[in-house]
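Novice: Using the sequences and the hints, build the whole thing.
With the sequence shown counted from 1, adding 15 to any position gets you the working numbering.
Hints listed in this document are in silico derivations from the structure and should not be mistaken for laboratory results.
Owing to the predicted nature of the structure, the values given are computational and were not obtained by experimental measurement.
A virtual CB, placed ideally from N, CA and C, is assigned to each residue, including glycine.
Do not take every clue at face value.
[Unchecked claim] 25 Å max Cα-Cα, derived DMTMM-like pairs, lysine to aspartate or glutamate: (1) Lys412 / Glu391; (2) Lys412 / Glu388; (3) Lys412 / Glu400; (4) Lys412 / Glu381.
[To be verified] DEER-style ranges, computed between Cβ atoms: (5) Glu419 / Asp218: 50 to 58 Å; (6) Ala79 / Lys412: 16 to 24 Å; (7) Glu210 / Glu400: 12 to 20 Å; (8) Ala33 / Ala79: 20 to 28 Å; (9) Pro152 / Glu52: 19 to 27 Å; (10) Arg217 / Trp411: 47 to 55 Å; (11) Ala393 / Asp420: 26 to 34 Å; (12) Phe90 / Glu136: 20 to 28 Å; (13) Ala92 / Gly196: 36 to 44 Å.
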Amino acid sequence: MSVVDELSLAAAAAAASAGPRAGLRAYRSLVDGLAGEARARAILGGLECATALGDAPALDAFIARWRVQSGDDHFPAVAERCLALHEVSPAHALALARVESERRPEDARPHYLLGRLLGDEGRDAYHRARHLAARAPRQPELLEAIAARLVWLGEGPEGFDRGGRPATARLGKARLDLRRGGRYARTAALDVLLELASGPHRDPALALAAEHAQHPSLTPIELDRLRTLFREHLDGPRRADALAWLDAREHLDRGERPAPESAVHAAALAAQSALERGAPPTGTTPDALALAVVALHGEREAQREPLLRLADHEGLVATTEPLLAAAALGHAADPETARRLALRLLALPNRASRGWLRLAQASRGEVQRQALERAEGAGEPGADEASGLAARAAAWKAYEAGDEDGAARHLAQARVKLRRS
16 MSVVDELSLA
26 AAAAAASAGP
36 RAGLRAYRSL
46 VDGLAGEARA
56 RAILGGLECA
66 TALGDAPALD
76 AFIARWRVQS
86 GDDHFPAVAE
96 RCLALHEVSP
106 AHALALARVE
116 SERRPEDARP
126 HYLLGRLLGD
136 EGRDAYHRAR
146 HLAARAPRQP
156 ELLEAIAARL
166 VWLGEGPEGF
176 DRGGRPATAR
186 LGKARLDLRR
196 GGRYARTAAL
206 DVLLELASGP
216 HRDPALALAA
226 EHAQHPSLTP
236 IELDRLRTLF
246 REHLDGPRRA
256 DALAWLDARE
266 HLDRGERPAP
276 ESAVHAAALA
286 AQSALERGAP
296 PTGTTPDALA
306 LAVVALHGER
316 EAQREPLLRL
326 ADHEGLVATT
336 EPLLAAAALG
346 HAADPETARR
356 LALRLLALPN
366 RASRGWLRLA
376 QASRGEVQRQ
386 ALERAEGAGE
396 PGADEASGLA
406 ARAAAWKAYE
416 AGDEDGAARH
426 LAQARVKLRR
436 S
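Specialist: Below, the structure is given as structure tokens:
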């Protein structure tokens with residue numbers, strides 16, 4: 016891409032930051048004079064602005080341009096545009112997904128996206144996606160998701176269990192329900208995991224349960240199901256850590272400190288000793304260290320020193336969801352320590368997929384902004400809504416300060432995010 020193209024795109028992006036209408040004018044004026052990667056980015060930028068405005072003619076024009084666009088893989092950006100567009104104009108979202116599946120006929124992902132948008136009519140798209148995802152390099156997670164969707168449509172792959180559905184499809188559906196479903200769907204999914212954990216799919220079922228234990232708002236019934244899963248299907252230290260983590264979650268949700276006699280408090284003492292020796296003992300997991308950070312909440316100033324060292328010691332920090340929750344909980348007792356830990360986590364390259372929303376909810380300013388970005392990027396349930404509400408609050412603040420352009424910019428962002436939520 017030439018320097019001129021880069022500058023043109025930067026100018027268009029700057030115009031879009033002032034509002035989608037200005038951005039749309041900028042992208043329209045330059046898109047047909049660009050080629051290759053620069054043209055692709057201009058089309059995607061134009062689609063984003065047209066979606067925010069609900070401008071049907073502009074959407075038609077940019078989708079038509081995308082149909083003849085060649086070049087690199089832009090599927091993640093296209094999928095994001097489709098999902099945002101689905102809230103504004105389902106017909107245009109479907110048109111864009113069809114175009115992408117035609118542009119990339121050998122890529123399983125656009126066909127799966129097309130199937131999702133087609134709903135009950137998506138069977139053929141799912142079959143095509145399944146055929147492509149099964150080829151080398153195999154895409155097991157996508158295959159699970161496809162299997163779950165086909166089960167919902169009344170069919171499934173070979174290897175049915177006695178309930179009429181394959182275990183892999185049941186796992187796939189449980190994963191979707193845990194990540195996207197309401198509380199009743201999540202509870203039903205945990206019941207499925209409890210059943211599957213008794214058979215050959217024990218490990219993936221427990222992995223899903225462990226991931227769900229980091230959900231930002233667990234109901235008492237979900238906590239009960241998780242306790243049963245961990246109590247019945249984990250052994251020794253892993254069981255103790257998992258059950259103690261659930262106890263810590265309850266304290267976190269209620270805004271309470273763990274009692275001195277609790278397992279969480281005991282974990283703090285063990286981890287503090289390990290940190291003082293410079294390395295965790297054999298068998299100490301990152302989650303156990305994170306649990307210790309939770310336990311240090313509200314303790315004496317001297318006991319916060321291990322937390323400070325944990326925040327600054329890359330070798331002992333793992334971006335696990337419990338550690339993110341620990342940073343959130345520590346925020347109330349020691350804001351500076353929590354800020355250091357949060358910024359440390361945000362800077363690490365290997366980032367967790369869950370837990371950023373909880374961190375954002377306990378933070379302010381730059382930490383909150385970065386954590387919300389991570390939560391949105393990871394697709395955490397509730398992240399779009401939280402980010403939209405934060406943008407709306409920023410709009411009011413800008414308006415009260417007399418910054419009308421800033422208020423309009425934040426309101427446009429809020430509208431897009433809240434439509435996606």
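Novice: Each of the hints needs a verdict: does it hold here or not?
Specialist: Verification of the hints:
A distance of roughly 22 Å separates the Cα atoms of Lys412 and Glu391; the hinted pair therefore holds under the 25 Å criterion. Under the criterion of a C-alpha separation no larger than 25 Å, the hint pairing Lys412 with Glu388 is consistent with the structure, at around 20 Å. Taking the CA atoms of Lys412 and Glu400, the gap is about 18 Å. The hint holds against a cut of 25 Å. Under the criterion of a C-alpha separation no larger than 25 Å, the hint pairing Lys412 with Glu381 is consistent with the structure, at around 16 Å.
For Glu419 paired with Asp218, a C-beta distance near 55 Å keeps the hint of 50 to 58 Å intact. Between Ala79 and Lys412, the C-beta spacing of about 40 Å breaks the proposed range 16 to 24 Å. Hint check: Glu210 to Glu400, Cβ distance near 32 Å, so the stated range 12 to 20 Å is violated. A hinted range of 20 to 28 Å holds for the C-beta pair Ala33 and Ala79, which are about 26 Å apart.
Between Pro152 and Glu52, the C-beta spacing of about 24 Å keeps the proposed range 19 to 27 Å intact. For the pair Arg217 and Trp411, the supplied restraint of 47 to 55 Å holds, since their beta-carbon distance comes to about 50 Å. For the hinted restraint 26 to 34 Å between Ala393 and Asp420, the CB-CB distance of approximately 31 Å keeps it satisfied. For Phe90 and Glu136, the hinted distance range of 20 to 28 Å is satisfied, since their beta carbons lie about 22 Å from each other.
Checked against the hint of 36 to 44 Å, the C-beta distance between Ala92 and Gly196 comes to roughly 26 Å, which is inconsistent with it.
Hint violations for this structure: numbers 6, 7, 13, all remaining hints satisfied.
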